[in-house]
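Enquirer: Given next are the chains, with one letter for each unit.
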Amino acid sequence: MKVRRPVASALAVAGYIVMIVPIMFVVATAFTGGETLRFPPEGVSLRWFEAALSYEPFLGALVSSLQLALLATVIALLIGVPVTLAIYRGKIPGKGIVEGLFLSPLIVPELVVGLALYQQLMIGLRLDNFPTLLIGHTVLMLPYAVRVTGASLALADPALEEAARGLGASPLRAFFTVTLPLLRPGIFSAGLLSFVTSFNNVPLSLLLQSRDFRTLPVTMLDYVQQSYDPMVAAMATLILAGTIVIAVVAERTVGFAKIFGGINR
Amino acid sequence: MTIAAEFISVSQVFGDFTAVDDIDLAITEGKLTTLLGPSGCGKTTSLRMLAGYSAPSSGTIEIAGVDSTRTPPEKRGLGMVFQSYALFPHLTVAENVGYGLKLRRVPAAERQKTVMETLDLVGLAHLAASKPKKLSGGQQQRVALARAIAIKPKLLLLDEPLSNLDARLRVQMRAEIRRIQAETGLTVVLVTHDQDEALEMSDDMVVMRSGRIMQQGSPQHVFRNPANRFVADFLGYENFVTTADGSLLAVRPEHLDVTAETPAGSTDGLRLEGRIADVAFRGVDLLVTVDAIDASGARVRLISDVRSTGVDSLAVGDSVSVNAAAGRLVALTD
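Chains as they are written, first to last, in numbering that gives the first Met the number 0: chain R, 0 to 264; chain P, 0 to 333.
Any given hint might turn out to be false.
[Unchecked claim] No farther apart than 20 Å at their CA atoms in a straight line, the calculated lysine to aspartate or glutamate pairs in the EDC-like style are these:
{"no.": "1", "chain 1": "P", "residue 1": "Lys151", "chain 2": "P", "residue 2": "Glu73"}
{"no.": "2", "chain 1": "P", "residue 1": "Lys30", "chain 2": "P", "residue 2": "Asp267"}
{"no.": "3", "chain 1": "P", "residue 1": "Lys132", "chain 2": "R", "residue 2": "Asp156"}
{"no.": "4", "chain 1": "P", "residue 1": "Lys101", "chain 2": "P", "residue 2": "Glu116"}
{"no.": "5", "chain 1": "P", "residue 1": "Lys130", "chain 2": "R", "residue 2": "Asp156"}
{"no.": "6", "chain 1": "P", "residue 1": "Lys101", "chain 2": "R", "residue 2": "Glu161"}
{"no.": "7", "chain 1": "P", "residue 1": "Lys30", "chain 2": "P", "residue 2": "Glu182"}
{"no.": "8", "chain 1": "P", "residue 1": "Lys133", "chain 2": "R", "residue 2": "Glu55"}
{"no.": "9", "chain 1": "P", "residue 1": "Lys151", "chain 2": "R", "residue 2": "Glu161"}
{"no.": "10", "chain 1": "P", "residue 1": "Lys130", "chain 2": "P", "residue 2": "Glu116"}
{"no.": "11", "chain 1": "P", "residue 1": "Lys153", "chain 2": "R", "residue 2": "Asp211"}
{"no.": "12", "chain 1": "P", "residue 1": "Lys74", "chain 2": "R", "residue 2": "Glu161"}
{"no.": "13", "chain 1": "R", "residue 1": "Lys90", "chain 2": "P", "residue 2": "Asp15"}
[What the hints assert, rightly or not] Quick partial rundown of chain R residues pointing at chain P, CB under 8 Å, derived from the structure:
{"no.": "14", "residue": "Gly99"}
{"no.": "15", "residue": "Leu102"}
{"no.": "16", "residue": "Arg164"}
{"no.": "17", "residue": "Gly167"}
[As the list claims (entries may be wrong)] Beta-carbon label-pair distances, calculated as ranges:
{"no.": "18", "chain 1": "P", "residue 1": "Asp119", "chain 2": "R", "residue 2": "Arg251", "range": "32 to 40 Å"}
{"no.": "19", "chain 1": "R", "residue 1": "Gly89", "chain 2": "P", "residue 2": "Thr27", "range": "54 to 62 Å"}
{"no.": "20", "chain 1": "P", "residue 1": "Ala128", "chain 2": "R", "residue 2": "Ala240", "range": "38 to 46 Å"}
{"no.": "21", "chain 1": "R", "residue 1": "Gly89", "chain 2": "P", "residue 2": "Asp195", "range": "37 to 45 Å"}
{"no.": "22", "chain 1": "P", "residue 1": "Ala128", "chain 2": "R", "residue 2": "Gly59", "range": "46 to 54 Å"}
{"no.": "23", "chain 1": "P", "residue 1": "Ser56", "chain 2": "R", "residue 2": "Gly89", "range": "16 to 24 Å"}
{"no.": "24", "chain 1": "P", "residue 1": "Gly136", "chain 2": "R", "residue 2": "Arg251", "range": "27 to 35 Å"}
{"no.": "25", "chain 1": "P", "residue 1": "Asp119", "chain 2": "R", "residue 2": "Ala240", "range": "49 to 57 Å"}
{"no.": "26", "chain 1": "P", "residue 1": "Thr17", "chain 2": "R", "residue 2": "Leu102", "range": "43 to 51 Å"}
{"no.": "27", "chain 1": "R", "residue 1": "Pro170", "chain 2": "P", "residue 2": "Thr27", "range": "30 to 38 Å"}
{"no.": "28", "chain 1": "P", "residue 1": "Ala124", "chain 2": "R", "residue 2": "Leu102", "range": "47 to 55 Å"}
{"no.": "29", "chain 1": "R", "residue 1": "Gly89", "chain 2": "P", "residue 2": "Thr17", "range": "21 to 29 Å"}
Hints are computed from structural coordinates only; laboratory data are not their basis. On a predicted model such as this, the values are computed, not experimentally measured, just so you know. Virtual Cβ for every residue (Gly too), placed ideally from N, Cα, C.
Pulled out of the complex, with its shape left as it was, chain R reads as follows (with noise of 0.2 Å):
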């Protein structure tokens, strides 16, 4: 076989490994039969998905991560999808300004962001903990929403929409019939990297938790310190094969190309 880009072939093949090796380690050892997390695994056996599955804790946390999730999910997407439209339809002054203020949580390291929610909302507001990590996870996902949806409507002729007001559709019309069909790959794609990046979150969740509500990772990270059995490892490869569904799903619906070509254009 003749490899055309051998450098950048190598570099691609050392990445794979570097990302997917780790993760079948852990998959390996969610199988044992043994008692501690090592590898080799000692023997195969399910025992360790049962008890994740009926562990108490994973359980009552992984509700909450999904609940979460899908909560700061339609939050972030009912503020964004509004604000890219006006980014890059309306006639505002500074939308450059705007844009940049719904991105920068790209930036702003998430432990400010926590911290500050922490001090502002949770002790200064006393909000509960719920609300407050629902604020901050809608906060974090807003760049998703805004940079995807926006991808989407970058593509889109704007002529569309006139076309459809000049056959004589109200401005609301136009943007359900014409705008909304158009923008729902974008749509249904900002809400599939939201989703994950909630669910997957630490830092945030880390710092803003509190006894009665956890989410999945931090309740792992929790148990990872006190022992160290693989029965965290069979939570995590459960999340692996959810996201892979997930994954699939989009693949098979709006395809992988449309969610995250819209990113790089």
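With chain R held as given, fit chain P onto it using these hints.
Expert: Relative to chain R, chain P alone:
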């Protein structure tokens, strides 16, 4: 003649750029009016103001005698064909054409009938169920046309509708649009930068430059009697000479004759002596460039388009006589 739409002292200013500068323009009902000019002349801006996509900075736009200056596009009832066609990619051809009818709450059966009739008119009934993406440029153009016509618009507005088509299709579509206009009796306003297109298609031609109207009239009239140097230049009058009394004359290259010998007798037309600077063989014809001095004493470069048969003797450097009959000289006002 009824006036379908009228611009009254309309200006459009973007920042410090005046796109349209105080124009008065009447669009005659049932006619095809073209707005012709180079890019930046204000033709597209004028069309967009007529459609309601941008509000004039000052002035009034009347549609069917009603002040419509501030009427939003959806209340104007005009059909617009965009340069990019702007077909809705998520809808089929039939749904695109039926979009405006659906908004007008036309019952499904009647809507279906109108959609098919309109698609028939543009020869695309067989593609009703296709998505626009599957269509060629020419077909998309026809769908855009059908979508605009289906709502029975007061005016059909076409923004450079042929500029994205290849040369052969473009010429074909000129006749096609004329046919559709004749069959529907629609008032059409067409924006173009192509003088051939404007000459061939217009009933009424409006030549614009820098936001102003330079001349309006039938293509025949404007072509034969350009009002000023800009219009003459734009329509292919390549020769401009000043007479002894200071007035400016324009002559088309094909009306300028080049002969080696000065013709016998006097002339009431144009006659100048000069030297050939260039000869370009073009097959059927020959483009001869001659440097001469006109009656005002100014150096002029003249271009003559002569039949290539029998003039093989013309060569660079030859002294020649350049002649045009009096009837071929067009006096320009400015």
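Enquirer: Each of the hints needs a verdict: does it hold here or not?
Expert: Evaluated hints:
Using a Cα cut-off of 20 Å, the hinted pair Lys151 of chain P and Glu73 of chain P holds, with the two alpha carbons roughly 14 Å apart. This hinted pair does not check out: Lys30 of chain P and Asp267 of chain P have alpha carbons roughly 39 Å apart, beyond 20 Å. Between the alpha carbons of Lys132 of chain P and Asp156 of chain R the distance comes to roughly 14 Å, so the proposed pair stays at or under 20 Å and holds. Proximity of Lys101 of chain P to Glu116 of chain P is assessed by CA-CA distance (about 16 Å); at most 20 Å being required, the pair is judged to hold.
For the given pair, Lys130 of chain P sits about 16 Å from Asp156 of chain R by alpha-carbon distance, which is consistent with the 20 Å threshold. Proposed proximity of Lys101 of chain P and Glu161 of chain R is supported: the alpha carbons are some 17 Å apart, at most 20 Å. As the CA atoms of Lys30 of chain P and Glu182 of chain P are separated by approximately 12 Å, the hinted pair is consistent with the 20 Å bound. With a C-alpha separation of about 55 Å, the suggested pairing of Lys133 of chain P with Glu55 of chain R is violated against the 20 Å cut-off.
With a C-alpha separation of about 18 Å, the suggested pairing of Lys151 of chain P with Glu161 of chain R holds against the 20 Å cut-off. Pair hint Lys130 of chain P plus Glu116 of chain P holds up; C-alpha atoms about 19 Å apart against a cutoff of 20 Å. Distance check on the hinted pair: Lys153 of chain P and Asp211 of chain R sit about 66 Å apart at the alpha-carbon level, beyond 20 Å; violated. Among the hinted pairs, Lys74 of chain P with Glu161 of chain R is consistent with the structure: their alpha-carbon atoms are about 13 Å apart, no more than 20 Å.
Only pairs whose Cα atoms come within 20 Å are accepted, and Lys90 of chain R paired with Asp15 of chain P is accepted, the gap being roughly 18 Å. At a threshold of 8 Å, the smallest CB-CB gap from Gly99 of chain R to chain P is about 24 Å, leaving the interface hint violated. Hint on Leu102 of chain R is violated. Least Cβ distance to chain P is approximately 28 Å, over the 8 Å limit. Hint status for Arg164 of chain R relative to chain P: holds, with the closest Cβ pair at about 4 Å, below 8 Å.
For Gly167 of chain R, the interface hint holds, since its Cβ comes within 8 Å of a Cβ in chain P; the closest pair sits about 4 Å apart. Checking the proposed 32 to 40 Å range against Asp119 of chain P and Arg251 of chain R shows it holds: the Cβ atoms sit about 39 Å from each other. For Gly89 of chain R and Thr27 of chain P, the hinted distance range of 54 to 62 Å is not satisfied, since their beta carbons lie about 38 Å from each other. For the pair Ala128 of chain P and Ala240 of chain R, the supplied restraint of 38 to 46 Å holds, since their beta-carbon distance comes to about 41 Å.
The hinted window of 37 to 45 Å between Gly89 of chain R and Asp195 of chain P holds, with their beta carbons roughly 40 Å apart. Checked against the hint of 46 to 54 Å, the C-beta distance between Ala128 of chain P and Gly59 of chain R comes to roughly 52 Å, which is consistent with it. Here the CB-CB span from Ser56 of chain P to Gly89 of chain R is close to 20 Å, well matched to the stated 16 to 24 Å. The given range of 27 to 35 Å is respected by Gly136 of chain P and Arg251 of chain R, whose C-beta atoms sit roughly 32 Å from each other.
A hinted range of 49 to 57 Å holds for the C-beta pair Asp119 of chain P and Ala240 of chain R, which are about 55 Å apart. For Thr17 of chain P and Leu102 of chain R, the Cβ-Cβ distance of about 37 Å falls outside the hinted range of 43 to 51 Å, so the restraint is violated. At roughly 32 Å, the beta-carbon separation of Pro170 of chain R and Thr27 of chain P lies within the given 30 to 38 Å, and the hint holds. Taken as a hint, the range 47 to 55 Å holds for the pair Ala124 of chain P and Leu102 of chain R, whose Cβ atoms sit roughly 49 Å apart.
Taking 21 to 29 Å as the suggested C-beta distance range, the pair Gly89 of chain R and Thr17 of chain P conforms, at roughly 25 Å.
When each numbered hint is compared with the structure, violations occur for hints 2, 8, 11, 14, 15, 19 and 26.
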